[in-house]
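Q: In order, the protein sequences belong to chains A and B.
Throughout the first sequence, residue numbering follows UniProt numbering, covering 1 to 500 in sequence.
Throughout the second sequence, residue numbering follows UniProt numbering, covering 1 to 326 in sequence.
No lab work stands behind these hints, which were simulated from the structure alone.
Every value quoted in this text rests on a predicted model; they were computed, and no experiment measured them.
Just so you know, even glycine gets a beta-carbon here, dropped at the ideal spot from N, CA and C.
Any given hint might turn out to be false.
[What the hints assert, rightly or not] Listed below are the simulated EDC-like cross-link pairs for lysine to aspartate or glutamate, each with C-alpha atoms no more than 20 Å apart in a straight line:
id, chain 1, residue 1, chain 2, residue 2
1, A, Lys-418, A, Asp-261
2, A, Lys-311, A, Glu-296
3, A, Lys-370, A, Glu-393
4, A, Lys-21, A, Asp-222
5, A, Lys-317, A, Glu-296
6, A, Lys-329, B, Glu-211
7, A, Lys-186, A, Glu-121
8, A, Lys-340, B, Glu-210
9, A, Lys-340, B, Glu-177
[Claimed, not checked] Listed next, the stretches of chain B that the computed footprint assigns to chain A, with coverage defined by at least 3 CB atoms under 8 Å from CB atoms of chain A:
id, region
10, 195–202
11, 209–223
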Amino acid sequence: MTPLLSLKHISKSFPGVRALKDVSLDVHAGEVHALLGENGAGKSTLMKILCGIYRQDEGEISINGEACHFHGYQDAIDAGIGIIFQEFSLIPDLDAVDNIFLGRELRNRFGLRDRRSMIAEAQHLFDRLKVSIPLDRPIVDLSVADQQFIEIAKALSLKARILVLDEPTATLTPSEADHLFTIMRKLREQQVGMVFISHHMEEIFTICDRVTVMRDGEKVHDCDVASTTPDDLIEKMVGRRVENLYPQQRCDADYDDVVLDIESLRLDANGPEHSLKLHRGEILGFAGLVGSGRTELAMGLIGATRPVHAKVRMEGKPAKLRHPATALKQGIGLLPESRKIQGLILPFSCRDNISLNNLTQFQGALPLIKRRQESSTAAALMGAVRVKAPSPETPVGDLSGGNQQKVVIARWLGHQCKVLIFDEPTRGIDVGAKSEIYALMKELTARGVSIIMISSELPEILGLCDRAAVFYQGRIAAELQGDDLTSQSIMHHATGGLST
Amino acid sequence: MSQFDSTPGITRRSSKDRLASWRRTPIFYPLIGFIVVFIAMAIINDNFLTASNQVNLARQTSIIAIIAVGMSLAILTGGIDLSVGPVMALSGTVMAGLMVAGVPPSLAILLGILVGAGFGAFNGFFVAFAGMPPIIVTLATMGIARGLGLIYTGGYPISGLPPEFAFFGRGSLAGIETPILIMIGVYALGFVLLHHTATGRYLYAIGGNEEATRLSGIRVSRYKLLVYTLSGTTAAIAGLILTSRLMSGQPNAGVGFELDAIAAVVLGGAAITGGRGMILGTLIGALLLGVLNNGLNLMGVSPYLQNVIKGLIILLAIYISRKRTP
Chain A
1 MTPLLSLKHI SKSFPGVRAL KDVSLDVHAG EVHALLGENG AGKSTLMKIL
51 CGIYRQDEGE ISINGEACHF HGYQDAIDAG IGIIFQEFSL IPDLDAVDNI
101 FLGRELRNRF GLRDRRSMIA EAQHLFDRLK VSIPLDRPIV DLSVADQQFI
151 EIAKALSLKA RILVLDEPTA TLTPSEADHL FTIMRKLREQ QVGMVFISHH
201 MEEIFTICDR VTVMRDGEKV HDCDVASTTP DDLIEKMVGR RVENLYPQQR
251 CDADYDDVVL DIESLRLDAN GPEHSLKLHR GEILGFAGLV GSGRTELAMG
301 LIGATRPVHA KVRMEGKPAK LRHPATALKQ GIGLLPESRK IQGLILPFSC
351 RDNISLNNLT QFQGALPLIK RRQESSTAAA LMGAVRVKAP SPETPVGDLS
401 GGNQQKVVIA RWLGHQCKVL IFDEPTRGID VGAKSEIYAL MKELTARGVS
451 IIMISSELPE ILGLCDRAAV FYQGRIAAEL QGDDLTSQSI MHHATGGLST
Chain B
1 MSQFDSTPGI TRRSSKDRLA SWRRTPIFYP LIGFIVVFIA MAIINDNFLT
51 ASNQVNLARQ TSIIAIIAVG MSLAILTGGI DLSVGPVMAL SGTVMAGLMV
101 AGVPPSLAIL LGILVGAGFG AFNGFFVAFA GMPPIIVTLA TMGIARGLGL
151 IYTGGYPISG LPPEFAFFGR GSLAGIETPI LIMIGVYALG FVLLHHTATG
201 RYLYAIGGNE EATRLSGIRV SRYKLLVYTL SGTTAAIAGL ILTSRLMSGQ
251 PNAGVGFELD AIAAVVLGGA AITGGRGMIL GTLIGALLLG VLNNGLNLMG
301 VSPYLQNVIK GLIILLAIYI SRKRTP
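Isolated chain A (complex conformation) (with noise of 0.2 Å):
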């Protein structure tokens, strides 16, 4: 039987990574198929070329037999083929029948937008899908979950016969998600294929057919989900060696000094309660997947989000966590997720970047910055992390990922911090840059600081953390330490602990 979609020996290099290797994958009509890996594995590359929006560098996508080749992501859409992204693209101001119809609206013999047939079309949908949405609000007062729906409804309305759905639940709750996986069931008899993307074990183990596994943009493994087991597909998702990319495991760590207690923390009313110690010299891991919930824990830590209740002891002295500035003074410091929109000033240099927040040190009698002071205390920190950079009035926005990483370290190290938290602070950074940053996170412990790290990145949890917490949907699932801090151990706990 011809497969509906066949992607065959894809392969794509960016300038100095080749993101997919030779990667081949069927979907057949009336099939669910899962794709799995870890981030970074080259899914979401695969499923860009699939939608028109990167071309291919080598083999081809065929379409019930017949070669295609998309030149965008209209030629994409016209090919039948319906992507659902994690970041929806409905306006949201419109209710369900203009987001539907947007672009393409039904019109009448005076050339007026035809509202009547194009609510009996919408409604038509709705009904095949077995949903009742208000057709008539805007989408932005419907749940996550009803504009998820309209999103494959238009997507159905543009024929499509392929539906990518790019990890749908991240953002429903279990019950939303069951309705879901009951809309993907409905499609599946009326011989839609599709490709589901997902971290979560179980439902991969409920709704799939067939599952494809991907690790370092190659495809590892594919199979009949009824003849794999969970932990079966974690190890081929994980199973590859940790490169010589970390420092020498040397645990810094004082486990009889806790240098931060977080007796009780609840972020919202409704959240978990949250509590851990963090000892001295410590590197702390924050594991999870995207969305369960580290970096709210770590804003709320530095009281760049209210907590509601908080009983958090600091060196033993209860800790006040009412704004960044507070946990500054009190030693605490965040370097966060995204280094463009949350840690640097762009339009500053380098060393108006690094003195931000050091400016009062520089400072006499009068509130005059002493420049000459400021300046050659930049150039120092630049030097202690190794900024490659022409010189301290280079704007930080001309440097690489991996120096701009370095400027917000530097930052941070002209303050006696005790507690730093990184949050992914690797992403976009090459291979070299990398393996510096962890060599700066190891001098940090050896002085006594304590860390917490924020990682998507199994190997980079295991080659540099002393513990740590596993994530799942806004709670701590496991602490985990020694020999018990496997990468299993970590999916399993991440996704759901639904294998043993």
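Using the hints provided, position chain B relative to the given structure of chain A.
A: Relative to chain A, chain B alone:
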């Protein structure tokens, strides 16, 4: 640049570099524009370059120029202050009213300036702590300030001010007219604040990336409150000069001044989105507007046509500087 590194022609390289770094500053194109317009006016009008006209020009410019200092701070942080004209009028009428009621001028001036500062803080509270967009907040308070001024005066100018009060608008010190001296003083303070204090650096940082500034431990809200308070204060200082110059408190003064102040800031090379600009640029922008007003008046151009010409020149200037600067 790197190809020069090994060559000995150091002098050539450094002068070239200096020019390049000059061109990167926000005031490069405003300065060129000012010089061009200034020379053009001098060529067209025989009377333009006379000492009396130049003093006249500086004095006429001083009021907008002083308001524009506060406006610069607001725009630098990514905000705006539309209420400056009415706040100026309110402060001026309060000063006048108090003096007529027998309050000593020094105390009346202080109270008048406090009214401006307080009104600015009122703006700042809503912007900084209630998280409301500055354009909406100051649009609302613009009406409130104008209304309060009219209520206070009953809609009539307040005259009969003590003669010594004339010093601030008509007097002079060491041969320089007081309004010009005050303007220089305000700019000097603004320059030191923006370029030599931590506060100034934070204002640039807030305009450049507010979220990053907050996360690195700066109390962004407090600095925003400060910015609008200072903007109210500079408006009140302008009110002092105007009231003294006219020797009466005018509740209807300053209509449209916010637009001239914004034009001065933007003509001075500041980005309307915040994070980029210099206090000297604002002075250049204000003087450029002043030269245009003065020169076009000397040429006898009709006031209606002047508006059109000024608008076109603002569009042209900003078009050029947007294309050239990164």
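Q: If a hint holds in the structure, say so; if it doesn't, say that too.
A: Now for the hints, and whether the structure bears them out:
Our distance criterion of 20 Å between C-alpha atoms is met by Lys-418/A and Asp-261/A, whose separation comes to about 13 Å. For the suggested pair Lys-311/A and Glu-296/A, the alpha carbons sit about 17 Å apart, so the restraint of at most 20 Å is met. For the suggested pair Lys-370/A and Glu-393/A, the alpha carbons sit about 16 Å apart, so the restraint of at most 20 Å is met. For a cut-off of 20 Å, the pair hint linking Lys-21/A to Asp-222/A stands: about 16 Å separates their Cα positions.
This hinted pair does not check out: Lys-317/A and Glu-296/A have alpha carbons roughly 23 Å apart, beyond 20 Å. Proximity of Lys-329/A to Glu-211/B is assessed by CA-CA distance (about 19 Å); at most 20 Å being required, the pair is judged to hold. In summary, the hint linking Lys-186/A to Glu-121/A is supported, as the alpha carbons are separated by about 19 Å, within the 20 Å threshold. Restraint check for Lys-340/A and Glu-210/B: satisfied, since their Cα atoms lie roughly 12 Å apart, inside the 20 Å limit.
The straight-line distance between the Cα atoms of Lys-340/A and Glu-177/B is roughly 48 Å, outside the 20 Å bound, and the hint therefore fails. Requiring three or more residues with a Cβ within less than 8 Å of a Cβ of chain A, the coverage given for the region 195–202 of chain B holds, as 6 such residues are present. Note: the region 209–223 of chain B has 10 residues with beta-carbon separation from chain A under 8 Å; the three-residue rule is met and the coverage holds.
Figure legend: structure checked against the earlier numbered hints; hints not met, in rising order: 5 and 9.
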